[in-house]
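Here is how the chains run, residue by residue.
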Amino acid sequence: MKPFDYARASRPAQAVDLVASRDEAAFIAGGTELTNLMKDGVLAPGLVVDVSGLPLSDIELHEGRLRIGATARMRQVADHPMVRERFPVISEALLASASPQVRNRAAIGGNLLQRTRCGYYRDVGSPCNRREPGSGCPAIDGQNRQHAILGGSDHCIAVHPSDLAVALSALDSVVLTLGPDGRRSIALKDLHRLPGDTPHRETVLRHGEMITGLEIPESRAARNSRYLKLRDRASFEFAVVSVAAALTLRGRVVTDVRLAFGGIAPRPWRSAAAERALRDQPLTDATVAAAGRALVRDAEPREHNAFKVELVQRALADILSDLGGNR
Amino acid sequence: MSDMSKDGHSRRSVLKAGGVTTAALAVPGGVAAAAAPPEGTAPASTAEVTLTVNGRPHALTIECRVTLLDALRERLGLTGTKKGCDRGECGACTLLIEGERVKSCMTLAVMEDGREITTVEGLARGDELHPVQEAFIRRDAFQCGFCTPGQIMSAVACINEGHTRSCEEIREWMSGNLCRCGCYPNIVDAVRDAGNGAGR
Chain A
1 MKPFDYARAS
11 RPAQAVDLVA
21 SRDEAAFIAG
31 GTELTNLMKD
41 GVLAPGLVVD
51 VSGLPLSDIE
61 LHEGRLRIGA
71 TARMRQVADH
81 PMVRERFPVI
91 SEALLASASP
101 QVRNRAAIGG
111 NLLQRTRCGY
121 YRDVGSPCNR
131 REPGSGCPAI
141 DGQNRQHAIL
151 GGSDHCIAVH
161 PSDLAVALSA
171 LDSVVLTLGP
181 DGRRSIALKD
191 LHRLPGDTPH
201 RETVLRHGEM
211 ITGLEIPESR
221 AARNSRYLKL
231 RDRASFEFAV
241 VSVAAALTLR
251 GRVVTDVRLA
261 FGGIAPRPWR
271 SAAAERALRD
281 QPLTDATVAA
291 AGRALVRDAE
301 PREHNAFKVE
311 LVQRALADIL
321 SDLGGNR
Chain B
328 MSDMSKDGHS
338 RRSVLKAGGV
348 TTAALAVPGG
358 VAAAAAPPEG
368 TAPASTAEVT
378 LTVNGRPHAL
388 TIECRVTLLD
398 ALRERLGLTG
408 TKKGCDRGEC
418 GACTLLIEGE
428 RVKSCMTLAV
438 MEDGREITTV
448 EGLARGDELH
458 PVQEAFIRRD
468 AFQCGFCTPG
478 QIMSAVACIN
488 EGHTRSCEEI
498 REWMSGNLCR
508 CGCYPNIVDA
518 VRDAGNGAGR
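Residue numbers (the numbering used here), protein chains in the order written: chain A, 1 to 327; chain B, 328 to 527.
Some hints here could point you the wrong way.
Claimed, not checked - The list that follows gives simulated cross-link-like pairs (lysine to aspartate or glutamate, EDC-like), each with its CA atoms no further than 20 angstroms apart: (1) A:Lys39 with A:Glu60; (2) A:Lys2 with A:Asp40; (3) A:Lys2 with B:Asp413; (4) B:Lys410 with A:Asp298; (5) A:Lys39 with A:Asp123; (6) A:Lys189 with A:Glu132; (7) A:Lys39 with B:Glu448; (8) A:Lys2 with B:Glu448; (9) B:Lys410 with B:Glu375; (10) A:Lys39 with B:Glu425; (11) A:Lys189 with A:Asp23; (12) A:Lys189 with A:Glu202; (13) A:Lys39 with A:Asp17; (14) A:Lys2 with A:Asp123; (15) A:Lys2 with B:Glu390; (16) A:Lys189 with A:Glu218; (17) A:Lys2 with A:Glu215; (18) A:Lys189 with A:Asp123; (19) A:Lys2 with A:Asp23; (20) A:Lys189 with A:Glu215; (21) A:Lys39 with B:Asp413; (22) A:Lys39 with A:Glu63; (23) A:Lys39 with B:Glu416; (24) A:Lys39 with A:Glu132.
What the hints assert, rightly or not - FRET-style restraints, in silico, Cβ to Cβ: (25) B:Arg414 with A:Glu300: 29 to 39 angstroms; (26) B:Cys471 with A:Asp181: 46 to 56 angstroms; (27) A:Asp181 with B:Arg492: 18 to 28 angstroms; (28) B:Arg414 with A:Arg11: 44 to 54 angstroms; (29) B:Asn523 with A:Ser185: 46 to 56 angstroms; (30) B:Ser372 with A:Arg117: 37 to 47 angstroms; (31) B:Arg492 with A:Arg220: 44 to 54 angstroms; (32) A:Asp232 with B:Glu495: 16 to 26 angstroms; (33) B:Arg452 with A:Gly125: 43 to 53 angstroms.
Because the hints were derived from the structure by calculation, they are not lab data.
The structure displayed is predicted, hence computed values, not measured ones.
From the three backbone atoms N, C-alpha and C, an ideal C-beta is built for every residue, glycine too.
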C-alpha cells in the first residue's frame, strides 16, 4: 500500500471539503473495499477521509419511506426488524453478501460504490479500460465466464458485484448525496453508468460527492419481495446470477411487479421489458417464460458465459414461483 | 441447571469468558450505533493511536497505511492473529472489535484508535483455555492450525450472535473462515459443542 494522508471527518460537510480539495482523495467508511484496492495498487489515493464515525447510520421509516444512513453497517440493516418485515428483499440480499465479518464492517454507501470483481480490473498487470482508460479489455476475448450478457460495450463487460444495489434497484430507491455543490437525490437506477466508451467513469457522482443515505418507498410489493442468488459455492461468494423480485397479485393477476438482476450487467439491471410482460397478466408458466425472454432479448453472451442467458431465466421463474405461490 | 456442563461452564460463561462481552447483542449495530460524534483529525501520514488489546492499552505512532493486522503482528508482537490472504477472503485474521468479529486485514489501525480489541491471545485466563479453544482441541478441529485463531475468534462471535442453532446455520455463519486442510466437519462440531455449553 502506498503511503497516504488520513483524516477523520467530524461533519459530513467537512468530509466533502477535504475530499474535494485534493484530486487523489477518497472516502473510507467500512474499509473492506478500499483497503484491498489500495493493497493491489488499483487505487492509490493521496488522502483518505474517514467518514465511518459520522452520525449517518440511522435506519428509520419516515412518511412511507425507509431511510438508511450511508454509514449504517450491512449487518445493522440486514438485522433491522422493520427492514425484514417490510423490505425483505433488502435483508435477504445483504445476508447473501460477503461474510459475517465483512457485514459487521462494510457500510451501506460503500457497498453501492464497490468495484467490479473482474479479475483483469483487480490485476494491475493486465490491461483494463476501466482502470486505465484506453489500455484494452482482455475479458472480451478472454476469461469471461463471470462477465456481462447485457449492457456491456466493446470497451468493458465487467459486472457490478453488489447484491444490495440489485435489491434497491427493484424497489425504486433513491440515493441521497452531499457534494461541493450541495445536496442531490439520484435515482438508484441512474447512479451507475453503463460502460460505453468511458468505462472508467463508473457512477454519476462528482469528485468529493458523498453518499449520505438512501430512501426506499414503502409498497405492498416491497413487503412481498425476495432475493435469489446463484453462485459457485453456497456461501461467501459473489453472484453468478441473482434476481430481486417484488410482486403483488390480485387473485392470479399481477398488479405490480418489480424485477432487477445481478451478475449479468455492468450495473444493477432493472428490466422494464420483463415487468411489462407480466403486469396485468395472470401469473402462469407462459407469462413467466415470456418475461424471461423479454429480459434476455438483447443479450450478447461471450465465449464462456452463454449459460447465464438460460440460468437467469430459470432464476426468474424460480423466484416468481416462490413469491406467487403455486401456479 | 441443564445448560451447565459438569465443570460449571454455562452457555453464559462461554460468552463471558476472556472478557468478551455481549454488549454487541444489547445494542443493535454495536460500535456504529453507539459511537459518540467523532473528533476530527487533520490530514497526516502518521498518527498517534491507542489500541486497547486484550484489556491493555498500547500507545503507538503509526503510519496511516498500516492495517490493524500488521500493527498487532509487527508492532505489538501479537502474532496469534494470522495473515493468510491479506484480502479479507480467508478469515485467518479475524478478531473482535468491541465484541464484533471483523477481519483485521481490512481495517486501518488508525481507524480503530481507542477501540477495545480482543485477539486469540486474550481468550484464555492464565492456563485455563476458553471453552471454544477447549472445544476445538476436544473435537480435533484443525490440522495445520494456521486458520485456527481466526476460526476460534469467529466461533466466539458466532456463538455470541446466537447463530449455532443447527449445523447448517453454523456452516453459513462460519463461512467467512476458510480451512485449507478441510477440517470443516470437526470445526462445526466444536462450534456446536461450545454453543451448547459443552466446550469440554
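How the hints compare with the structure:
| no. | hint | result |
| --- | --- | --- |
| 1 | A:Lys39 with A:Glu60 | violated (36 angstroms) |
| 2 | A:Lys2 with A:Asp40 | holds (10 angstroms) |
| 3 | A:Lys2 with B:Asp413 | holds (15 angstroms) |
| 4 | B:Lys410 with A:Asp298 | violated (45 angstroms) |
| 5 | A:Lys39 with A:Asp123 | holds (11 angstroms) |
| 6 | A:Lys189 with A:Glu132 | violated (25 angstroms) |
| 7 | A:Lys39 with B:Glu448 | violated (27 angstroms) |
| 8 | A:Lys2 with B:Glu448 | violated (30 angstroms) |
| 9 | B:Lys410 with B:Glu375 | violated (24 angstroms) |
| 10 | A:Lys39 with B:Glu425 | violated (26 angstroms) |
| 11 | A:Lys189 with A:Asp23 | violated (27 angstroms) |
| 12 | A:Lys189 with A:Glu202 | holds (13 angstroms) |
| 13 | A:Lys39 with A:Asp17 | violated (26 angstroms) |
| 14 | A:Lys2 with A:Asp123 | holds (16 angstroms) |
| 15 | A:Lys2 with B:Glu390 | holds (11 angstroms) |
| 16 | A:Lys189 with A:Glu218 | holds (17 angstroms) |
| 17 | A:Lys2 with A:Glu215 | violated (36 angstroms) |
| 18 | A:Lys189 with A:Asp123 | violated (28 angstroms) |
| 19 | A:Lys2 with A:Asp23 | holds (16 angstroms) |
| 20 | A:Lys189 with A:Glu215 | holds (13 angstroms) |
| 21 | A:Lys39 with B:Asp413 | holds (9 angstroms) |
| 22 | A:Lys39 with A:Glu63 | violated (43 angstroms) |
| 23 | A:Lys39 with B:Glu416 | holds (14 angstroms) |
| 24 | A:Lys39 with A:Glu132 | holds (17 angstroms) |
| 25 | B:Arg414 with A:Glu300: 29 to 39 angstroms | holds (31 angstroms) |
| 26 | B:Cys471 with A:Asp181: 46 to 56 angstroms | holds (55 angstroms) |
| 27 | A:Asp181 with B:Arg492: 18 to 28 angstroms | violated (50 angstroms) |
| 28 | B:Arg414 with A:Arg11: 44 to 54 angstroms | violated (32 angstroms) |
| 29 | B:Asn523 with A:Ser185: 46 to 56 angstroms | holds (50 angstroms) |
| 30 | B:Ser372 with A:Arg117: 37 to 47 angstroms | violated (30 angstroms) |
| 31 | B:Arg492 with A:Arg220: 44 to 54 angstroms | violated (32 angstroms) |
| 32 | A:Asp232 with B:Glu495: 16 to 26 angstroms | holds (19 angstroms) |
| 33 | B:Arg452 with A:Gly125: 43 to 53 angstroms | holds (48 angstroms) |
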